[in-house]
Amino acid sequence: MPAIKCRVSGSIVLLVSAAYFLACGGGSSHPSNTIVTSGSNVQSITVDSGPANGYANGVFTSVTVCVPSTSNCQVIDGVLVDTGSYGLRLLSSAGGGALTVPLPQQMGSNGNPIGECAPFVTGLTWGPVATADIMISGEKASALPIQVIDGTFAALPSECSAFGVPEQETLTGTNGLYTNGILGVGPLVQDCNQCTQTGSANPGLYYDCAGTTCTVTAQALAQQVQNPVASFATDNNGVIVELPYSSNPSPSVSGSLVFGIGTQTNNAVSNATVFSISPNIEINTSYNGQSYPAFVDSGSNAYYFLDSGTTSLPDCPSPNTSFYCPSSNQNLSAMALSGGASEKVSFTIGNANSMFSSPSAFVFPTLGGPNTGVFDWGLPFFFGRNVYTAINGKSTPSGEGPYWAF
Amino acid sequence: MQSATGTAVREYVSASGTVFAVAWKGAYQPNLKQLLGSQFQQYEQALKTGNGRASRGPVTIRLPNLVVQLGGHMGDFSGRAYIPDQVPEGTSLESIR
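Going down the list, the sequences are from chains A and B.
Mind the numbering: the first sequence is residues 34 to 439 in this note's numbering, read in order.
Mind the numbering: the second sequence is residues 126 to 222 in this note's numbering, read in order.
Among the hints, erroneous ones may be present.
If we take Cβ atoms under 10 Å as the criterion, some of the chain A residues that face chain B in the derived model are [claimed, not checked]:
hint: 1; residue: Asn143
hint: 2; residue: Gly406
hint: 3; residue: Gly432
Anything over 12 Å on all C-beta distances counts as not near chain A; from chain B, calculated [stated by the list, open to error]:
hint: 4; residue: Val138
hint: 5; residue: Gln154
hint: 6; residue: Ile208
Simulated from the structure, these hints should not be mistaken for lab results.
Heads up, the beta-carbon is just placed ideally off N, CA and C, and yes, glycines get one too.
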């Protein structure tokens, strides 16, 4: 499958990149894509500074949540679109977030409130599990468990703090989330398969809270915080993130989050290559002849891969030690692999310190950083590519999920 | 070794018997407090200091004598911590994973 694709899918499409014609004529090396902008399954998304200003490479959208079966609803803007997690998490107004509508608390079998500790790489989210009707574009998930991020809910249990990442419970500040929430639309349905177990095999994400004292509890899959897309009445087998090609830092770019894969005329897989996902929720990527585990994640804000010893890309000095700082842009390539599928991915890594020095720029197509022996194809990978995420166990015209296709 | 939740944790020991690195990979993060021992607070403080722009993604924290890296996404976490001074000569950091 060639790295450069030329396709027109759907009836109403917007030609995003002027370079599209060049690419189809064979003159350009960067990807170009067409972005669907209308349909009851199309939600607009924007990469910009986010609701708290200062976010680098965050892709945001708005979500409507309602007290189930009522018209008591609230539109929450500035919610991060994350294909690397599962379920909706909204920052409460107690932490400076937008959420004020009184969503009902989920109760456990013994009548106590249920709380969740959800570890992410940069921090964990803690707070009650609530129930909401969720509406995005023309789609709706009814009475679904979501997480309300609220540090005032109860004392952080020791099992939760032992994950070793700090609690993120405010919009801004040192450990700020800088988003009003996280919309997890990744390739799984629930956020913790092993949380149905008791004893030491339970990783400690769900808690039964008597007063302010919380103890680890087993949580049935149906009661877990979960990917709202899987519960939509239609277009429920996955999502497509569509963002235009971009090469230089800029204030913002806009695109679409399309629900469903092959369910409408505007969401066919077309000529994208399908990469099936392993039980570890990974594919592979080879770089310089060596194969590494890999994943595709709109919620990671850079290309995170290998280390400076392997790539010869110098790490940035403090405080940007999580990013690379080459003296000039470096053009690299790797092969995305899974089963028999493969596709060459060309990408460019620039100097993070230079990028961040522009105060009005929040879109960074060449942002990269070191990782732990894993290839994390973060948001810059999405620029100029329509990236499909098919949900575990759901059928699509290109086979059953989970897979990524691009 | 393996944590109770199935996350594989590897210790790297030098010829002289010193543990110079640990690495982990699995669906759930291991108990970092236990793994990093006395260095945990130092690490947590550095993480809280942040990385300039607000961001989400893998983190690399360089303390005076400890490097900690965390990566992954929900359901698939990986990480490593190593003491740069004690990594035996000729050992590729890429092999600590």
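So, going through the hints one by one against the coordinates:
| no. | hint | verdict |
| --- | --- | --- |
| 1 | Asn143 | violated, 24 Å |
| 2 | Gly406 | holds, 3 Å |
| 3 | Gly432 | violated, 21 Å |
| 4 | Val138 | holds, 19 Å |
| 5 | Gln154 | violated, 5 Å |
| 6 | Ile208 | holds, 16 Å |
In this structure, the hints that do not hold are numbers 1, 3, 5, in rising order.
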